[in-house]
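Participant: Using my numbering, the first residue of the sequence shown is number -8, and each one after it goes up by one.
Hints in this document: simulated from the structure, not taken from any laboratory. Treat the hints with caution; some may be incorrect.
To be verified - Result set (SDA-like, lysine to any residue): computed pairs, CA atoms no more than 20 Å apart in a straight line: (1) Lys85 - Leu103; (2) Lys85 - Gln104; (3) Lys85 - Gln73; (4) Lys85 - Arg111; (5) Lys85 - Glu113; (6) Lys85 - Val75; (7) Lys85 - Phe70; (8) Lys85 - Leu63.
Stated by the list, open to error - If you anchor each label on the Cβ, the simulated ranges turn out as follows: (9) Ala47 - Arg22: 17 to 25 Å; (10) Gln62 - Ala131: 49 to 57 Å; (11) Arg95 - Pro36: 35 to 43 Å.
For each residue, glycine too, the CB sits at the ideal point set by N, CA and C.
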Amino acid sequence: MTRIGLGAVAVLAVVGVAAMPSAPVAQDSSRIGIVATEIILRQTPGYAQAESTFTADLTSWRQEVEVLQQQLDSAITAFDQQAVVLSATARQEKEQELRSLQQRYQTRASELQQRAEERRSELVGPLEERIQTVVDGLRAERNLLVIFDVSSPGNTIISADPVIDLTTTVVRRLTSQAGQ
-8 MTRIGLGAVA VLAVVGVAAM PSAPVAQDSS RIGIVATEII LRQTPGYAQA
42 ESTFTADLTS WRQEVEVLQQ QLDSAITAFD QQAVVLSATA RQEKEQELRS
92 LQQRYQTRAS ELQQRAEERR SELVGPLEER IQTVVDGLRA ERNLLVIFDV
142 SSPGNTIISA DPVIDLTTTV VRRLTSQAGQ
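Construct the complete structure from the given sequences, taking the supplied hints into account.
Facilitator: Next comes the structure, spelled out in structure tokens:
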């Protein structure tokens, strides 16, 4: 009788362990959320104005770079046309002038690129901070472990339950904050 009792207890123990809900694993897997930050950013109050300002600034900087490029192209064309009649010394001087002009063009283009990145950060950075604050708040409020950005490059999420999509909730909260 003791053998059967111990065997039955062993079977019950195995069945009991197998039947136990694995609550932490199940809960953890359902404690995720997703957002589409590109959509949120475009719908954030103040974004249209920031984008408009940035586009205007960028247009002016692009025009400056285009003028420099045209000057460089014109100088190269003029050199190509004159190169055959120039003396070796004159040709070397013109080539040095072209290298100098090319260097000025590259330096200015790099400066304007950096300026554009700084300006974008200046205009959009505060909006991104507000978005991050709302997303962090939702994560804490809903006790989520992680929130994935489905609009980020390299995202490997190809399908998700719409229930975990927090995009519209974030947009609503940002809009209501702007109205206050």
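Participant: The structure should be examined with respect to each hint, and the outcome stated for every one.
Facilitator: Right, here's what the structure says about each hint:
no.: 1; hint: Lys85 - Leu103; result: violated, 27 Å
no.: 2; hint: Lys85 - Gln104; result: violated, 28 Å
no.: 3; hint: Lys85 - Gln73; result: holds, 10 Å
no.: 4; hint: Lys85 - Arg111; result: violated, 39 Å
no.: 5; hint: Lys85 - Glu113; result: violated, 41 Å
no.: 6; hint: Lys85 - Val75; result: holds, 12 Å
no.: 7; hint: Lys85 - Phe70; result: holds, 7 Å
no.: 8; hint: Lys85 - Leu63; result: holds, 12 Å
no.: 9; hint: Ala47 - Arg22: 17 to 25 Å; result: violated, 44 Å
no.: 10; hint: Gln62 - Ala131: 49 to 57 Å; result: holds, 56 Å
no.: 11; hint: Arg95 - Pro36: 35 to 43 Å; result: holds, 41 Å
In summary, the structure is inconsistent with hints 1, 2, 4, 5 and 9 from the numbered list given earlier, while agreeing with the others.
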